[in-house]
Amino acid sequence: MDKPDTMSVLGKKYTRETARKMPYGGLVNSEGIIVEVISEDQAKAQFNACKEHLKELLADMD
Amino acid sequence: MRVFLDADVLFDSVNDPRTSTLLRRIKNAGHEIILPFSVLGEIMLICISEDREDDLLCIRNICSELKPFFIVSLDQSAICNLCLKDFDKRSFNRTDKDHLAHAMAYSSAYGDGKENYFLTTDLYLLDMMLPCVGRHRKCGLFNNKTVLKIVDKDGIRKLF
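If you're matching them up, the sequences are chains C and E in order.
Those letters in the first sequence? Residues 1 to 62, by the working numbering.
Those letters in the second sequence? Residues 63 to 222, by the working numbering.
In short, the hints are calculated from the structure, not lab data.
Some hints could be false.
What the hints assert, rightly or not - Stretches of chain E that chain C covers, calculated by requiring three or more beta carbons in the stretch to come under 8 angstroms of a beta carbon on chain C:
{"hint": "1", "segment": "104-110"}
{"hint": "2", "segment": "208-220"}
As the list claims (entries may be wrong) - Once the Cα atoms are required to be at most 20 angstroms apart in a straight line, the calculated PhoX-like pairs of lysine-lysine come out as:
{"hint": "3", "chain 1": "E", "residue 1": "Lys129", "chain 2": "C", "residue 2": "Lys51"}
{"hint": "4", "chain 1": "E", "residue 1": "Lys207", "chain 2": "C", "residue 2": "Lys44"}
{"hint": "5", "chain 1": "C", "residue 1": "Lys51", "chain 2": "E", "residue 2": "Lys207"}
All figures in this text were calculated on a predicted structure; none of them were measured in a lab.
Using N, Cα and C, we set each Cβ at its ideal position, and we do this for glycine too.
Could you put together the complete structure from these sequences and hints?
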């Protein structure tokens, strides 16, 4: 399956269809318009910031 | 600044005009009011299961006035949730940790210098330790970013 173009849904109405194109999440205004989309790079940066701590967390759960 | 709302703040605003006035003041001062999807879920669950249609309508009207933003399905919130679950093991309400995880995930995505507050009326929640801030800090999610602070109504009033 092709990677969705996450930024293509900016300014569009939040629907089940457009939601599929924002796999990392985002922000919707009170009129239901998608006003911010988390990009893959932002999501990766967040994950990387947590990576080391996550390893400890998962090890504790063994 | 961004102000994330806990579900109890919206329920409180139904019966306490001081709370709805405070929310209006936040909005009128130009700050962003943000609701995680999980807060909407909790409100719906309580209103449906307890037959509180009037409260639901009132909250809908307040939202119509405040024009909040809604956080949807952040990938990072699953990680924040796991971290929160492990970090402070005291018996906090699980749904509160869901709301906080969304607020942490969203506010850590942007290094724009805006202050981030999670507004609650739950006194226990004010005492919760967050893994990404404070002396026992465990993660680097908020490195070079403005950390999320949990505040009550008095705490947010002091900011005006």
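Can the segment 208-220 of chain E be counted as covered by chain C under the rule of three residues or more with Cβ-Cβ separation shorter than 8 angstroms?
-> violated (count 0)
Are there at least three residues in the segment 104-110 of chain E whose beta carbon sits under 8 angstroms from a beta carbon of chain C?
-> It is violated, with 0 qualifying residues against the three required.
Compare the distance between the alpha carbons of lysine 51/C and lysine 207/E with 20 angstroms, and conclude whether the hinted pair is satisfied.
-> holds (18 angstroms)
Pairwise hint evaluation, lysine 51/C against lysine 129/E, where the allowed Cα distance is 20 angstroms at most | violated (35 angstroms)
Below or equal to 20 angstroms on CA atoms is what counts here, so check lysine 207/E against lysine 44/C.
-> Holds, at about 16 angstroms.
When each numbered hint is compared with the structure, violations occur for hints 1, 2, 3.
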